[in-house]
Amino acid sequence: MSEKMSSSATASHLEDIKKRGFYLDDVYRHVKSFAVKDVQVVEDGKHLHIEWEDGHVSRFYSMWLRHNCHCGVCLPHTNYALIDFTKLDANIKISSAKKESDEVIVVTWTGENSEEKHHEGPLLTRFLRHHCYSDAAERTRSKQRAMTFHEDKTIPTLEYDSVVNSDEALYKWLVTLSERGICLIKNAPPSLEDMLKATRRIADVQPTIYGTTFEVESAPSEVEASNPAYTRIGLEYHQDQIHYESPPGIEVLHCVKFDECIKGGENFFVDMHEVAAKFKAEEPEDFYALTRIPSIADTVNYKRENPVHIRIQRPLITVNHKDEIVNVLWRPMLMAPLQVPEKDVQAFYKAYKKFYTLVTTYKSIYKHRLRPGDMLSFNNRRLSHGRKPYSENGHRLLQGCYMNISEFQSKVEAFHNKIGGGRFAVRSGAIDWQ
Amino acid sequence: MKQFRLLRNLSSKSSAVSSAVSSAISSRAVSLFANNRTTTDSSSSSSTTQQLLHQGDAVHQKPCQLKSYSSFSDQPGTEKRVASVTVDPGLRSCHVTWEDGFISQFHSAWLRHNCHSEESRHPNGQKLLKPSSVSCSLVINSAVVKDTSLVVTWSGPNGSHTGHIPTDFLRSHNYNRQTLLDRRVQVKPEPASEIPKVSYDDILNKEGCLYRWIRHINEEGICIIENVPPREDMVEKVAEMIGPVMPTIYGSTFDVEKTPDEINVAYSSLPIGLHQDLVYFESPPGLQLLHCMEFDECVEGGHSIFLDVFDMADKFRVMYPDLFQTLTQVPATFQKVHYDRNLPVHLVNQKPHIKLNHLGEVCAVYWAPPFEGPLAVDANDVEKYYLAYETFAKLLEKGKLLRYHLRPGDLVVFNNLRMLHGRDGFKTNGGARRLRGCYLNIDIFKSQVQVLHNLEGDGRLAKRVGNQCWF
Numbered sequence: 001m002s003e004k005m006s007s008s009a010t011a012s013h014l015e016d017i018k019k020r021g022f023y024l025d026d027v028y029r030h031v032k033s034f035a036v037k038d039v040q041v042v043e044d045g046k047h048l049h050i051e052w053e054d055g056h057v058s059r060f061y062s063m064w065l066r067h068n069c070h071c072g073v074c075l076p077h078t079n080y081a082l083i084d085f086t087k088l089d090a091n092i093k094i095s096s097a098k099k100e101s102d103e104v105i106v107v108t109w110t111g112e113n114s115e116e117k118h119h120e121g122p123l124l125t126r127f128l129r130h131h132c133y134s135d136a137a138e139r140t141r142s143k144q145r146a147m148t149f150h151e152d153k154t155i156p157t158l159e160y161d162s163v164v165n166s167d168e169a170l171y172k173w174l175v176t177l178s179e180r181g182i183c184l185i186k187n188a189p190p191s192l193e194d195m196l197k198a199t200r201r202i203a204d205v206q207p208t209i210y211g212t213t214f215e216v217e218s219a220p221s222e223v224e225a226s227n228p229a230y231t232r233i234g235l236e237y238h239q240d241q242i243h244y245e246s247p248p249g250i251e252v253l254h255c256v257k258f259d260e261c262i263k264g265g266e267n268f269f270v271d272m273h274e275v276a277a278k279f280k281a282e283e284p285e286d287f288y289a290l291t292r293i294p295s296i297a298d299t300v301n302y303k304r305e306n307p308v309h310i311r312i313q314r315p316l317i318t319v320n321h322k323d324e325i326v327n328v329l330w331r332p333m334l335m336a337p338l339q340v341p342e343k344d345v346q347a348f349y350k351a352y353k354k355f356y357t358l359v360t361t362y363k364s365i366y367k368h369r370l371r372p373g374d375m376l377s378f379n380n381r382r383l384s385h386g387r388k389p390y391s392e393n394g395h396r397l398l399q400g401c402y403m404n405i406s407e408f409q410s411k412v413e414a415f416h417n418k419i420g421g422g423r424f425a426v427r428s429g430a431i432d433w434q
Numbered sequence: 001m002k003q004f005r006l007l008r009n010l011s012s013k014s015s016a017v018s019s020a021v022s023s024a025i026s027s028r029a030v031s032l033f034a035n036n037r038t039t040t041d042s043s044s045s046s047s048t049t050q051q052l053l054h055q056g057d058a059v060h061q062k063p064c065q066l067k068s069y070s071s072f073s074d075q076p077g078t079e080k081r082v083a084s085v086t087v088d089p090g091l092r093s094c095h096v097t098w099e100d101g102f103i104s105q106f107h108s109a110w111l112r113h114n115c116h117s118e119e120s121r122h123p124n125g126q127k128l129l130k131p132s133s134v135s136c137s138l139v140i141n142s143a144v145v146k147d148t149s150l151v152v153t154w155s156g157p158n159g160s161h162t163g164h165i166p167t168d169f170l171r172s173h174n175y176n177r178q179t180l181l182d183r184r185v186q187v188k189p190e191p192a193s194e195i196p197k198v199s200y201d202d203i204l205n206k207e208g209c210l211y212r213w214i215r216h217i218n219e220e221g222i223c224i225i226e227n228v229p230p231r232e233d234m235v236e237k238v239a240e241m242i243g244p245v246m247p248t249i250y251g252s253t254f255d256v257e258k259t260p261d262e263i264n265v266a267y268s269s270l271p272i273g274l275h276q277d278l279v280y281f282e283s284p285p286g287l288q289l290l291h292c293m294e295f296d297e298c299v300e301g302g303h304s305i306f307l308d309v310f311d312m313a314d315k316f317r318v319m320y321p322d323l324f325q326t327l328t329q330v331p332a333t334f335q336k337v338h339y340d341r342n343l344p345v346h347l348v349n350q351k352p353h354i355k356l357n358h359l360g361e362v363c364a365v366y367w368a369p370p371f372e373g374p375l376a377v378d379a380n381d382v383e384k385y386y387l388a389y390e391t392f393a394k395l396l397e398k399g400k401l402l403r404y405h406l407r408p409g410d411l412v413v414f415n416n417l418r419m420l421h422g423r424d425g426f427k428t429n430g431g432a433r434r435l436r437g438c439y440l441n442i443d444i445f446k447s448q449v450q451v452l453h454n455l456e457g458d459g460r461l462a463k464r465v466g467n468q469c470w471f
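Just so you know, the protein sequences line up as chains H and V, in that order.
Last residue of the first sequence: 434 in full-length UniProt numbering, with the numbers rising by one and none dropped.
Last residue of the second sequence: 471 in full-length UniProt numbering, with the numbers rising by one and none dropped.
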């Protein structure tokens with residue numbers, strides 16, 4: 001009787017997990033090799049060895065498995081795990097592991113020195129394979145997430161109508177932004193609403209201290225301009241609004257007017273991650289100085305109707321636990337006085353000067369003169385942008401908006417799984433150690 | 001864009017400062033500068049950190065005239081008069097002695113980068129100087145005070161340049177060790193022993209009270225407003241006194257109440273453990289506002305709980321230096337992967353639970369067990385991580401909670417990046433419990449605090465808010 005009950009209970013593990021919303025079809029359908037050849041508890045219950053049909057071997061630590069238990073007590077609600085670590089034994093052991101079906105392994109754990117003495121729960125084989133942390137699996141993930149840089153700096157283009165009307169074209173837009181960091185959308189109608197119709201396909205607008213959307217048009221006089229962008233002067237390479245913890249992600253510049261008679265005003269872009277990678281290879285000591293010594297980005301303006309006083313101190317370059325570059329911030333114009341211990345002052349300036357020179361003299365860059373109807377989208381976290389000065393005749397008017405980088409990356413991941421082949425998205429330049 | 005009400009409510013003459021808050025600048029100097037070492041080198045051991053902390057306790061803050069070092073330069077009590085300037089042998093730096101006896105050193109490159117000459121700096125404050133043109137071998141040929149500026153002549157491989165820097169700018173941005181030390185004390189948040197309260201009427205009508213409310217949020221990390229009218233739109237109205245509401249994947253505002261289908265634990269009557277919201281964003285929501293709309297007398301339990309996680313991280317460091325180090329190095333995975341909703345989301349952010357600045361001080365902490373994805377780190381780090389994780393979880397359970405029973409009309413505002421929040425389970429007994437909430441961006445909040453300190457207060461620095469700022 002008891003045997004029968006337990007078998008009927010286990011037979012429903014998969015269905016039960018699906019019912020609670022933890023079977024992520026869209027993600028797991030891309031996990032092709034999930035057939036388990038052999039499961040073994042090793043090292044007195046400390047690790048679980050799984051040999052897969054395709055020959056790959058995974059090794060999971062007892063607590064890692066316990067942390068990811070898929071039973072109804074640990075994962076009662078969609079996306080909400082309830083595992084109380086204060087009741088677990090640090091030396092929790094796997095007492096048994098059994099393949100229930102191609103899709104489910106049932107594990108039992110014991111812990112002698114804590115409140116929870118015994119626990120049993122299912123884990124999905126596709127989940128385990130997807131999240132395997134072996135060196136080989138990690139290499140594959142790292143490779144997919146790494147940015148690649150192309151010698152060819154032609155800006156990829158798409159048509160406005162297609163990105164607005166087709167999911168395939170939208171996916172192409174997302175992938176281009178994700179892999180190249182820049183994409184030109186051609187033939188966009190001139191209204192603000194038309195611009196937003198396209199950008200909302202990716203994410204809602206990210207509001208900033210300059211409003212939800214903005215216009216770039218020169219102010220009547222240079223001194224009146226709250227920001228040099230609103231003048232006709234040239235702008236050196238910069239990323240926008242790096243004074244925020246999460247600076248704007250995707251930036252869109254939509255050209256409404258740009259009279260033919262105007263001389264200058266071209267935009268140019270350099271891939272900061274490409275330059276930083278080169279800097280790391282050529283000048284490691286200076287590179288690490290910029291990962292270690294923080295500088296301050298600030299916007300302090302008490303003359304506005306709503307005064308702002310934003311300051312954030314952090315390094316210009318961030319590397320993750322695997323020494324990969326994840327974040328580069330660049331805006332020489334917004335740099336406040338350096339405030340670090342004296343011993344770091346000279347080291348910072350030595351490195352900063354070298355990196356600055358490398359950035360501003362970098363040869364392989366994107367260039368474009370906007371034409372009315374162009375909607376230029378680029379990743380503000382990956383590319384620095386600049387502008388040539390332009391002449392005083394004629395009218396140049398751009399409108400633009402930003403999208404949050406975490407929301408953009410979410411959209412890319414979701415589309416890779418929904419429409420694409422289920423790969424991991426390329427790093428976005430956000431402070432994310434993946 | 002909506003206009004913030006903040007500054008329109010302020011009277012420029014207001015100077016009422018609650019004594020409770022003004023005493024918040026502690027005289028205890030916990031400094032990591034104590035022996036001038038940092039812990040950012042991977043080689044430095046955690047015991048060094050502990051030593052630094054203990055040594056720091058013994059460092060006494062010397063009396064210092066300075067009240068502010070922010071970039072807002074017009075500060076009361078700030079000495080702007082220079083007694084003497086000496087260019088150091090080697091010509092790579094100079095020492096400025098101020099009328100009040102304070103001495104600060106400035107290096108040639110630092111001075112050149114902050115030169116206020118017309119070609120170096122736009123009138124709006126943005127820098128025009130080309131950094132590649134500033135050589136590290138720049139020497140100072142002369143440095144003299146003229147009127148209210150230090151006039152400096154530099155020379156280097158690219159020729160020479162003469163420019164000036166206002167003395168008040170120099171004083172407020174000086175990086176003398178004592179100044180840096182003093183700043184560390186100013187920006188370090190101290191845990192609150194109880195939740196401060198203000199009344200909604202006072203915020204609207206009493207001079208200085210709006211400022212007091214915002215200071216409490218920054219200094220204690222939390223504040224309750226009493227007697228907020230029970231209207232659906234009030235939570236947004238209150239938020240907009242500080243800045244625009246931050247929309248998230250849950251919309252601009254949200255309701256926390258027991259619903260029949262309970263798709264999220266927040267919408268059940270179960271207890272909710274301590275956590276932060278939306279940590280899977282690069283910049284999670286800063287302030288969270290929860291307006292109690294309904295909380296019937298018959299409902300049993302359901303107290304709100306809060307814990308200052310910065311304080312707990314400091315305690316963790318002292319008790320378990322090695323485990324602390326692990327949580328700063330091995331990244332956790334925070335995620336919200338949910339395809340079965342109108343707008344599918346796949347938000348993942350990998351980062352360590354605790355982030356340190358270049359001085360080894362805690363500048364961000366993340367704790368959200370319900371939203372942790374599978375750990376994805378090197379196999380060698382897995383066991384180490386779980387030991388540290390479990391120990392920190394146990395320590396949090398022993399933390400001294402701020403517990404509060406919200407009443408209809410109460411509106412609690414707390415810093416989501418500093419205060420963990422949760423609630424006790426409850427029994428409805430046929431009654432209702434409903435909170436209405438929204439979020440505010442952390443950088444905008446910190447900006448408003450700093451603006452108010454400068455316009456209304458004594459120009460002090462805003463406390464650290466957990467936005468990964470290393471200052």
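It should be emphasised that the hints constitute simulated quantities derived from the structure, not laboratory data.
One thing to keep in mind: the hints can contain errors.
As the list claims (entries may be wrong) - Partner residues are not named here, just some residues of chain H that face chain V (Cβ under 10 Å, in silico):
| hint | residue |
| --- | --- |
| 1 | Asp25 |
| 2 | Ile92 |
| 3 | Ser246 |
| 4 | Ala430 |
What the hints assert, rightly or not - Here are the computed distance ranges between Cβ atoms for each label pair:
| hint | chain 1 | residue 1 | chain 2 | residue 2 | range |
| --- | --- | --- | --- | --- | --- |
| 5 | H | Ile233 | V | Ala83 | 52 to 60 Å |
| 6 | H | Leu82 | V | Asn205 | 39 to 47 Å |
| 7 | V | Leu128 | H | Lys303 | 34 to 42 Å |
| 8 | H | Ser142 | V | Lys427 | 45 to 53 Å |
| 9 | V | Lys427 | H | Leu82 | 57 to 65 Å |
| 10 | H | Arg139 | V | Ser117 | 46 to 54 Å |
| 11 | V | Asp424 | H | Asp161 | 39 to 47 Å |
| 12 | H | Asn165 | V | Gly430 | 27 to 35 Å |
| 13 | H | Thr86 | V | Gly431 | 49 to 57 Å |
Don't be surprised by glycine CBs; every beta carbon is placed ideally from N, CA and C.
Hints, one by one, checked against the model:
1. Asp25: holds, 7 Å
2. Ile92: The hint holds - Ile92 of chain H has a Cβ within 10 Å of chain V, the shortest such distance being about 9 Å.
3. Ser246: Hint holds; Ser246 of chain H Cβ to chain V Cβ min 3 Å, cut 10 Å.
4. Ala430: Holds - the Cβ of Ala430 of chain H comes within 10 Å of chain V, reaching about 4 Å at its closest.
5. H:Ile233 to V:Ala83: 52 to 60 Å: Given range 52 to 60 Å: violated, Cβ gap about 40 Å.
6. H:Leu82 to V:Asn205: 39 to 47 Å: Holds - the Cβ-Cβ distance for Leu82 of chain H and Asn205 of chain V, about 45 Å, lies within 39 to 47 Å.
7. V:Leu128 to H:Lys303: 34 to 42 Å: violated, 19 Å
8. H:Ser142 to V:Lys427: 45 to 53 Å: For Ser142 of chain H and Lys427 of chain V the Cβ distance comes to about 50 Å; the hint holds.
9. V:Lys427 to H:Leu82: 57 to 65 Å: Given a distance of about 19 Å, which is not inside 57 to 65 Å, the answer is violated.
10. H:Arg139 to V:Ser117: 46 to 54 Å: At 53 Å between Cβs, range holds.
11. V:Asp424 to H:Asp161: 39 to 47 Å: violated, 55 Å
12. H:Asn165 to V:Gly430: 27 to 35 Å: violated, 52 Å
13. H:Thr86 to V:Gly431: 49 to 57 Å: Cβ of Thr86 of chain H to Cβ of Gly431 of chain V: about 31 Å, so the range 49 to 57 Å is violated.
Checked against the numbered hints above, the structure violates hints 5, 7, 9, 11, 12 and 13; every other hint is satisfied.
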